[in-house]
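Please build the complete structure, drawing on both the sequences and the hints.
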Amino acid sequence: MSLVSPEFLLLALVVVTALAFDFTNGFHDTANAMATSIATKALTPKGAVTLCAILNLVGAFLSVEVAITVTNAVIRIQNPDGTPIPEVMGDGGGALLLILMAGLAGAIIWNILTWLWGLPSSSSHALFGGLIGATIAGLGFGGVKWTGEGYHLDGVVGKVILPGLVSPAIAIIVAMIGTKLVFKITQGVNQRYQETGFRWGQIGTASLLSLSHGTNDAQKTMGVITLGLLATGTWTDTHQIPFWVKVACAVAIASGTYLGGWRIIRNKGKGLIEISSPQGMAAESSSAAVILTSSQLGFPLSTTHVATGSILGSGLGRKGAEVRWGVAGRMGLAWLTTLPAAALVGAVMWWIGNLFGGATGAVVVFVLMVAGWLWMWLHSRRDPIGRHNVNDEWEAEGIAQTSDDVPVSQEVTQ
Amino acid sequence: MNQIVAALDAAWRILLIGVVLGAGLPALFSFGVRAMAWGTGGEATNHDEGTLPPPHPVGRVIGIAVFALVVLVVLLGLSYIVAHGLGYNLVFNGGLPAFVPR
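Line order of the protein sequences matches chains A and B.
For the first sequence, the residue numbers in my numbering are 4 to 417.
For the second sequence, the residue numbers in my numbering are -8 to 93.
These are computed hints drawn from the structure, not numbers from a lab.
Cβ coordinates follow ideal geometry from the N, Cα and C atoms, glycine included.
Treat the hints with care, as some may be off.
[As the list claims (entries may be wrong)] Selected chain B positions facing chain A (Cβ under 7 Å, derived; list incomplete):
{"id": "1", "residue": "Q(-6)"}
{"id": "2", "residue": "A(-3)"}
{"id": "3", "residue": "A(-2)"}
{"id": "4", "residue": "A1"}
{"id": "5", "residue": "I5"}
{"id": "6", "residue": "L6"}
{"id": "7", "residue": "L12"}
{"id": "8", "residue": "A14"}
{"id": "9", "residue": "A18"}
{"id": "10", "residue": "F22"}
{"id": "11", "residue": "R25"}
{"id": "12", "residue": "G68"}
{"id": "13", "residue": "G76"}
And the structure:
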């Protein structure tokens, strides 16, 4: 009796890997909506991740918009109608599946590494980066759509680089103005009274952010999985996403969110600035307004960049507030390196997978990815950050950054 | 080059609307907090030693009205996200929001 066919095994691995990416996307981005609410105690850590997870779940189901052509933004493996191009359809779609597999592995590894460092890097940049790297390895530089034509924002330049530069700047300005206004208007109001009032405002704006995250981010994984199904002929409708894919992606992103990326939440909520709840509300309103306006105008930005920019702006807007530029600089560095780093990992993964070929190659890539994940997870246990210590006082050198280069208390006293 | 122009063109629109909504909402909320503090009186406001300001019921009414407006704006935001996901666009007909199929 034969077990599963190699084709099925390859497809199954791609689906599982895509869902794993969706999961990392969830915990990587919990901080975007909830870091400030947790830091100002508007919500308890557990309450915050629960609310955020539920809204992400609902949001994932809300978008019926077809997201099948998601990879078309940066690489050329799909026709405009969503079907895969013939060049990648060799071995019953195996060529395309290997690109997806390697790209997703690259994105996941970078997402987990930046989580270990506590850096809020963009999950969509990681996904696009991984796919770009795998595509270059598999199809050459011509497989990448570097820039759009005319005034239509497209390609790596129009969909990733330019929005990545512009959107944090906008968020900083908006949050700064908002914070200045808030403190001007509430002059004369007792500080404790203020804190309580603004906490309610924060819960409202945090909910907006969580819901919009669910509608935007889960879609990308849905698109990637459906592309894999189209390549193998398992699914043929380019106008719809299979219902089970929708359910699986919604559950993956919501459970990732519920897990909470505490290392990132801590760095964003406590590390950048000492945030008060009026600042928190100003930051979250700024993020929500910028994100919703951009989605109305079709401007593709990263939630992570906007949310971080807003927190920074709310620090700049308050007189006498201290902004920890060292932390901000590290985050900025992570933004610049996310795309090329994920691309490099994606390319290496494709090369390794291609060396073995077919389902064996995919299994090797999968095993390497899981090994990397395990290694990083074990590393994180040296200085665990969770619900219990996410709000601890920030010390000169925060706990999350030192984990990689300084072996914390390496059992000197044996 | 055209791509940069296109990005900057989108950027100033987002900045403009972002400032109006993103800075306007917390500003509005601040008016609510301030009105409530005035309405509550006592320890809610900063005051001189020994003289507790009296409560002003009008302040509470204004405060609640402002908070109701903030809730409305947040609800509008939520319905925008929902409608956008379901394939509708938000348009403003003479100032009133309406959702039309894309």
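Going down the list of hints, with the structure as the test:
1. Q(-6): holds, 5 Å
2. A(-3): Holds, because the Cβ-Cβ distance from A(-3) (chain B) to chain A comes to roughly 4 Å (cut-off 7 Å).
3. A(-2): holds, 4 Å
4. A1: holds, 4 Å
5. I5: holds, 5 Å
6. L6: holds, 5 Å
7. L12: Cβ of L12 (chain B) sits 4 Å from chain A, so the hint holds.
8. A14: Nearest chain A Cβ about 4 Å off; hint holds.
9. A18: holds, 4 Å
10. F22: At 6 Å from the nearest chain A Cβ, F22 (chain B) passes the 7 Å test, so the hint holds.
11. R25: The hint holds - R25 (chain B) has a Cβ within 7 Å of chain A, the shortest such distance being about 5 Å.
12. G68: holds, 5 Å
13. G76: Because about 4 Å separates G76 (chain B) from the closest Cβ in chain A, which is inside the 7 Å limit, the hint holds.
No hint from the list above goes unmet by this structure.
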